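Engineer: Model the placement of chain B on the given structure of chain A, informed by the hints.
Those sequence lines, one after another, are chains A and B. Heads up: the first sequence at position 149 corresponds to 149 in this note's numbering, and the numbers run straight through without jumps. Heads up: the second sequence at position 96 corresponds to 96 in this note's numbering, and the numbers run straight through without jumps.
Since the hints were made in silico from the structure, they are not lab data. Only a predicted model underlies this, so the values are computations on that prediction, with no experimental measurement involved. Mixed in with the good hints, there may be bad ones.
Straight-line Cα separation of at most 30 Å, DSS-like style, residue types lysine-lysine; simulated pairs [what the hints assert, rightly or not]:
| # | chain 1 | residue 1 | chain 2 | residue 2 |
| --- | --- | --- | --- | --- |
| 1 | B | K26 | A | K135 |
| 2 | B | K117 | B | K26 |
| 3 | B | K117 | A | K135 |
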Amino acid sequence: MGNGTAIIVTENLTKRYGPVTAVEGLNLEIYEGEIFGLLGPNGAGKTTTILMLLGLTEPTAGRALVAGLDATRQPLAVKRIVGYLPDNVGFYDDMTARENLFYTARLNRIPPEESARRIDAALEQVGLTQHGDRKVREFSRGMRQRLGIADVLVKDPRIIILDEPTLGIDPEGVRELLDLIARLSREKGKTILISSHLLHQIQQICNRVGIFVGGRLLAVGPLETLGRQVMSGKPLEIELQVEPQNGEVLSLLASLEGVEDVCRDGPYVRLRCAKGRDVRPQLAGLLAQRGITLLHLRARGYDLDDIYLEYFQGEGKP
Amino acid sequence: MRDWRQALRDFARWWREAFRSSGGLKVIFFKELGDHLTSTRMTIIFSLVAVACLSSLYVAGQNIRQAVNDETSAFVFLRLFTTSGGSLPAFIAFMSFLGPLLGLAMGFDAINGEYHKRTLSRLLAQPIYRDDVINGKFLAGIAVLSLMVSVLGLLVAGLGLAFFGVPPRGEELLRMIAYLVVTVIYIAFWLSLSLFFSLVFRQTATSALAGMAVWLFFAIFAPMLAGIIADGLFPVAQDSPADLVLRNAAWKQGLSRLSPTTLYDEATITLLNPGVRTLGPVLIHQLIGAIPGFLPLGQSLLLIWPHLVGLIAATMLVFAAAYYFFMRQEIRTN
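If we strip away everything but chain A, and leave its shape as in the complex, we get (with noise of 0.2 Å):
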């Protein structure tokens, strides 16, 4: 999807609170047309990272170019091809939907004519045409989230940074932005940011992820080399479920070569091999010779999953 071209790129972008350090060095490549994942847990960085992108935050050190332009030196420039859905967004509660818009409209310029046609689109989009001229205050917090969005396509930008966008939604509303979100990179060719500390929600859609743990970048690729990137240098956990499951099963999977451990957990069984060792292929050849019947099998470490249990949970100490 992303045609090659980085059209967001930081350079050792930093940014301190007196001693607290919130993004440091920040190294990062979004190509153009690409949907990119910003995943990490809260107070990561995530939230500062985008607003010195949107030139809305002073970085201490180092510079975030967004299509080429320095975001501190030239943030109206940034601004007119950046569209930002903030972290749980707000609006004017005293006044409609399509009110809301129309203001944001008005702050980038749009014609009237030209803003009620996109107003219209952007409101039938995210499918509430029909709540348009009802008061914002009246809307549930999905609504709200998907008005930001709405918010986000009026101004019909090249590049969309949406910060936590799944946040509050129910599962069914996550499914239908995440679809929207798809759409618009498949079918506008738009650049997009999503950051989030949800990862299951937003692994499905991403083209690269970058994992952003206590300022920090601390891996970024696509999410099948992401697994290797992380978890290399550690032994490779093997999940499995067969069938029948006794003790001279566990005893002939402890005696293939290069497994280290063997262990029951639960209705699995799990096998650590030796570092370095894969022993997959041996595995379903073996069971399948004594008559076995494998019913599940996980190689853990190269899974979403688990990196998120090695970063997230671990407080970024790996």
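Structural biologist: Okay, now just chain B, sitting in the frame of chain A:
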């Protein structure tokens, strides 16, 4: 040669980009204007001030005949604003006391309200300059309060004209307009102060209370405090020398003039009562041989010129502080 031209062209482009209006000021101005004019809060405060002012007009109507007969019949029209009677104070006293409330009500949640609604980061992510937001809010506030003050002033003038049949003369009209302008400047001071508080305090209730505290301090306690300090520095007894009494009075006045409310009161009474010839203490021997009469408008303005400069300076100083704070503030919503 070519390089030089290229550099000039680059510079021109940079200049255009850097100093071009983003257009945000106008949009924000009109949005805030609409908000103010349709808000319930503004309706309530304006009704309060209007009722107070109209009741003072009623009192003026009751007492104006007597007031005019007592002295000369000159400047009857201006008496509409300055005549008090019975239990109710005059129009200018109401304006001096309740005017600040108008300014405070308009600005106390200007910026922290946007934080609470979580709209500020969305607003600032649009292609506008950051100062467009605070300038737009301030200018819209001034526009609304100019509108209100003119409406009230003209209402009183018009009703006076209709009920009591006192037509304004040219100078009276000019004095009234000058009075309204000074009132707008005075309320603008309170507007900028409440804007400043809305930046310093994250809670709207705190900033409203801080504004009210300053208002009550200047309206009620500052004159008392000035008296106490002056008396402490130069204690005056019954038989004190005139020199000491004068010095005490000068200090008292000087200190109380630190309060914009005092500045405003002195300025407005001078404007609306041409009989006021001086604002400081006057010795009896200075009055000997003086011909009682009225000051022309030019002289009245000259008398209160320092007051006007002081009021404008205070307004600008507070707004500058608010501006500085706003430009430096971090835009974190949480």
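Engineer: If a hint holds in the structure, say so; if it doesn't, say that too.
Structural biologist: Status of the hints after comparison with the structure:
1. B:K26 with A:K135: Roughly 24 Å separates the two Cα atoms, so the pair holds.
2. B:K117 with B:K26: This hinted pair holds, its Cα atoms lying about 22 Å apart.
3. B:K117 with A:K135: Holds. K117 of chain B to K135 of chain A sits at ~14 Å (cutoff 30 Å).
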